Structure formats: C-alpha cells, structure tokens
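Student: Take a look at the letters that make up each chain.
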Amino acid sequence: MDIKTVNKISALARIAISPEEEVKIKNELSSILDYIGQLNKVNTEEVEPFYQTTGIVNSTRPDKYREDFKIDGDLNKKLIDQAPDRQDNFIKVKSILSR
Amino acid sequence: MNRNYTIRDIVGGIAKKEFLPEEIFQHYLTRIGLKNEKLNAYLSTFDFQSSAFKSQTPLADVPCAIKDNILIEGTVVTAGSKILENYVSAYDATVIQKLRKSGVQFLGKTNMDEFAMGSSTENSAFGPTKNPHDHSRVPGGSSGGSATAVAADLCVFALGSDTGGSIRQPASFCGVVGLKPTYGRVSRHGLIAMSSSLDQIGSLTKNVYDAALVLNSIVGKDKFDSTTVDMPEYDFTENLNRPIKGLRVGVPKEYFSKGVSTEVRDRVEEGISKLKQMDCHVIDISMPHSEYAIAVYYIVMSSEISSNLARYDGIRYGYSSKNSENLFDVYSRSRAGGFGPEPKRRVMLGTYSLSSGYYDAYYLKAEKVKALIRKDFDDAFKNVDVIVGPTAPTTAFKIGDKSADPLSMYLSDIYTVPVNLAGLPGISIPCGRGDNSNMPVGFQIIGKPFDEETILRAAHQLEQVLNPKS
Chain A
1 MDIKTVNKIS
11 ALARIAISPE
21 EEVKIKNELS
31 SILDYIGQLN
41 KVNTEEVEPF
51 YQTTGIVNST
61 RPDKYREDFK
71 IDGDLNKKLI
81 DQAPDRQDNF
91 IKVKSILSR
Chain B
1 MNRNYTIRDI
11 VGGIAKKEFL
21 PEEIFQHYLT
31 RIGLKNEKLN
41 AYLSTFDFQS
51 SAFKSQTPLA
61 DVPCAIKDNI
71 LIEGTVVTAG
81 SKILENYVSA
91 YDATVIQKLR
101 KSGVQFLGKT
111 NMDEFAMGSS
121 TENSAFGPTK
131 NPHDHSRVPG
141 GSSGGSATAV
151 AADLCVFALG
161 SDTGGSIRQP
171 ASFCGVVGLK
181 PTYGRVSRHG
191 LIAMSSSLDQ
201 IGSLTKNVYD
211 AALVLNSIVG
221 KDKFDSTTVD
231 MPEYDFTENL
241 NRPIKGLRVG
251 VPKEYFSKGV
261 STEVRDRVEE
271 GISKLKQMDC
281 HVIDISMPHS
291 EYAIAVYYIV
301 MSSEISSNLA
311 RYDGIRYGYS
321 SKNSENLFDV
331 YSRSRAGGFG
341 PEPKRRVMLG
351 TYSLSSGYYD
361 AYYLKAEKVK
371 ALIRKDFDDA
381 FKNVDVIVGP
391 TAPTTAFKIG
401 DKSADPLSMY
411 LSDIYTVPVN
421 LAGLPGISIP
431 CGRGDNSNMP
441 VGFQIIGKPF
451 DEETILRAAH
461 QLEQVLNPKS
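Residue numbers (our numbering), protein chains in the order written: chain A, 1 to 99; chain B, 1 to 470.
Careful, some of the hints might be misleading.
Straight-line C-alpha distance at most 20 Å; calculated PhoX-like pairs for lysine-lysine [what the hints assert, rightly or not]: (1) B:LYS368 to A:LYS92; (2) A:LYS94 to B:LYS322; (3) B:LYS322 to A:LYS41; (4) A:LYS64 to B:LYS322; (5) B:LYS253 to B:LYS368; (6) A:LYS41 to B:LYS375.
Examples of chain A residues toward chain B, derived with CB under 8 Å [unchecked claim]: (7) SER10; (8) LEU12; (9) ALA13; (10) VAL23; (11) ILE25; (12) ILE36; (13) THR44; (14) THR53; (15) ILE56; (16) SER59; (17) LEU75; (18) GLN82; (19) ASP85; (20) LYS94.
Bear in mind the hints are in silico, worked out from the structure with no lab data behind them. Just so you know, these numbers come straight off a predicted model, no measurement behind them. For glycine and all other residues, C-beta sits at the position ideal for the given N, C-alpha and C.
Let the sequences and hints guide you as you build the complete structure.
Tutor: The structure is reproduced here in structure tokens:
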C-alpha cells in the first residue's frame, strides 16, 4: 500500500483525505492487509463462494400493482424535506456535465 | 418501584395494578435522567404514548430502548454518526412496527459505535458509553448503549444489531443476555445497513426468558426484506424448560487457545462443567478454519460497507459540505466531514478489496474461505447440537486501551464473528465475573441454522443454575 494507492482509493470512495490522514491511513490499511494476507494460506480450489447463508437465490414477486408500495405524498415530503439543497419538490445538485 | 424489572415483572405489575403504564414509564425516564449523563447510554428519549386500545400482548406497556440505527418514524436516527446527526426517520422499521403491535413503550434511542463499526462504543460521534459495572471501562460495542441501558436498569429490554458480535460482545461485557437470531429470521427493513449479508437485529435482555419473549415479537418473513425466510410460527418460550439431559455440546479446542484470558477461561469452563452436571454430553471438537474468521470478516464486511455507505453523499440527506465548486467535491467533502475515522477506514478498505484487479484476491477469496468456515460448523453439527465457548477473549477493557490500534480492537471479535459468517444463531449469557478484573464474563451458545429453540433452552437452563435469581 503506497500513498498513490491511498489517493486512488480516496477518489474511488469519494472521501477527501488530508496529507496527515494519508500517512495514517496508509499505515493502518497496510497493517490490516498484512493480517488479511493469511487467507492466501487456505486452499480454496473447488470451493464455491458462500454469498448467501439462507440458500435463497432469487426472490421475486408477481408483476402486479402493490398496495403497500403506493406512493404516499406524505412520505415523499418526509423524504425530500431532508435534502440539504432543494427547491419545491426537486433536490438541487451541482451540474453533472460541464462545458 | 425499585426492583430490576423483567418483562414478566412489568406485565404482572400492571395486571395486579401495582403501577400504571404511565408510572412505570416515568420511573424509567427518571432513572435515565439521573444516570444517563454519566453513562451516556441514551442519545434521545421519548414521551409515553397512550394507546387507544389495551392489548393483552406479552409485551404490553413494557418500556424498551432501541439502538440508534433502527428507524422509528418521526424521530432522529443518527447511527452514532455526525453525518446523520439531524436525520429524521421517514418510516418505522419492520421490527418497530411489530413491537408497536406488541404494545411496547419506546423510551429512547441508544448510543452505538458509528455505523455499528466497533467493539467498544468508543467510535460513537457522540461520546463513549460507560460500562455500568466500572465507569472506566467500555460496555463493548457496537450495541454498547443498549447493553448498558439493560445492565443499569435504564430499560426493561433493548434491541441491538449484530454483524460481527455487536449484540453478544456488549452483553458479555455488561453481564446481560444478548441474542443474535439466525440470519433471515428478523427483517432488516429499517435497520441502517452495515454489512447486508451479516447484519441481524436481536435483543439485549435481563434473562433468557425475556429474550424468547422479544424474539416472538420480532421474527417473521417480510416483503420488504427479501433475505427473510418463511419459518413456521413458534412460541420460543414454550420449550425452555424441556430438560437438556442428553444434549450434545461441542467445545472447539480453537476457542480455548492462548488468546483467552485465564479469568474468562475459568468461568467458561465452570459453565461447561455445569452442563456436564446436567447430563449433557460434552464433546471436544475442532473448527480448523476459525483462525481465518477475522480476516474473512474484515474483507466481506468492509466491502459491503463501502457499498452501503455510498448513499451518504450530502445530496438527499445528512451532512452536506458547503462551498463546493463541483459535484465531486460535494461528495468528497461531505463524506470527509461527516464520517468519523473508523467508517473512513473501513470504506477505504472495502473500496480497495472490491476494486479492479483486487476483487478476486480479496472479496472472492474471502467468500470461499467463508464457505469453509460454514462447513466447519456443518460438520460439527453432525455430531453436536450446540457449540459453546467464551463470547469474548477478555472481560471489558479500559476506555482508550484499544483505540490506538484498530487491528487489536478487531481481534476482540474472534469468537462472535464466525457465527455471523456462517449465518447461525448465537446467544451470550452471563457466567460470573473474572477473578482479576471482577467484570462480567460471557458464555456463548451457538446453534444450528434456525435452531433458536435449542440454544434458548440450553441458555435458560444453564442460566437457572449459574444465576438462580434470574
């Protein structure tokens, strides 16, 4: 783990880090990754990944109108009211496309 | 009104008109007013809710506390983080809806490690919670507030969440009962997500009977959580006293390695002897992949965290940094300003594990070793009914002791984490105090998938022998 990688991860994770934090995080992540490296000792040839402990593979529902997903104007307001920057029923964001 | 009330005490007391629901609720609010400043168990408290109908449900008017990562509509939910400091829940979590139907009274929301990341509640953005048995020590985490609230009788029971031990380990440190159900038993709808393949909501209670009562109220398949499983309806209190004579109890040799402190080992071995005296068959077993559990956990959990915490971007809710020139900066500075050090650390670890070129070496590899960890349990359960051992390698450590080294904090989850990875039910019950620290020791009982019945039975009967007053 080097500083360049830390900066790359910081950009991917969308978390700004200061130069002091850079070094600290580099050291902490290095030590954690060292510890995690022991997984390489385990023979996992022929082993299937165990993503879902319940055995459920796909959960589907019939394609029909559901009462419990009814749009509730009240719920909408409760959700949109939390946005830090809004206008009427819209959430405002900085421009995504730049000229 | 000055006993340490269990659920049955409250229900019985109201039925016998020893106190009114409002009086017992106020009793608890008063206690919280007296003790919370020192303990910092609660982040917020509520008022008594009069209900139009009087139900005869088993939890009617029982005052309880809810970990602050479970949504209660109209109330602030913080997940222990500044990024959600003023966020108001827009709906009730499914477990809250169920508890409302059971008639409970919500006393308030309890403190926790930020986004449930931690084993001590020291990572809360709102200050640490103190262990009621010794205020210089941690209550454990991440459900430290809930465990302290139950242990200090600031509520009758509490809900917590457990991803790597966050209910069981604080229960162990605080001397209360902590139950993590099988993954898929209890809906996660309305639980602020940490690691979606591992998270489960469960209870912190004063005894095992109460854990069974609460479990009855919160289980069930939920349309809003497709990882919940449809299980037959069952009363978890029904068979608690069916004798455990002949129960096959597995003791993994790996759980008694040099990592366990002597004082913990002594109490846990006494617990195992008591099971022998109750005519259980104690059988030595081996779980060869135990040593990899923490490594697997930190990859899987941090990867899922990096995905689940992507939503905290300063756009739809939560802390949003001002004065940004562009969208990237809004994201990047909001998250930098709102997240504490531990979420940042884990999101970055997870982002790295899932990034191009590393996914196979880390996440995929971890998921394969996870399969082997589950296989260790499946193989063991061919010959035993339950698996026991210490909940944590030590008793509660001092505040500040482990906060300098993240890895040493992570290692305190060594016995609880495998249970989440394998998706099994686990319960921690108090089994005395350590000779050196004089702090509570926890005894963990792990069961087969969906076999809460057996672990509750064993826990209840062991509890009667270890703590006859409960």
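Student: All hints are to be evaluated individually against the structure, with a verdict given for each.
Tutor: The hints, checked one at a time:
no. : hint                 : in the structure
1   : B:LYS368 to A:LYS92  : violated (43 Å)
2   : A:LYS94 to B:LYS322  : holds (12 Å)
3   : B:LYS322 to A:LYS41  : violated (48 Å)
4   : A:LYS64 to B:LYS322  : violated (43 Å)
5   : B:LYS253 to B:LYS368 : violated (23 Å)
6   : A:LYS41 to B:LYS375  : holds (17 Å)
7   : SER10                : holds (7 Å)
8   : LEU12                : holds (5 Å)
9   : ALA13                : holds (4 Å)
10  : VAL23                : violated (14 Å)
11  : ILE25                : holds (6 Å)
12  : ILE36                : holds (5 Å)
13  : THR44                : holds (4 Å)
14  : THR53                : holds (3 Å)
15  : ILE56                : holds (6 Å)
16  : SER59                : holds (4 Å)
17  : LEU75                : holds (6 Å)
18  : GLN82                : holds (4 Å)
19  : ASP85                : holds (7 Å)
20  : LYS94                : holds (4 Å)
Checked against the numbered hints given earlier, this structure breaks hints 1, 3, 4, 5 and 10; the rest are met.
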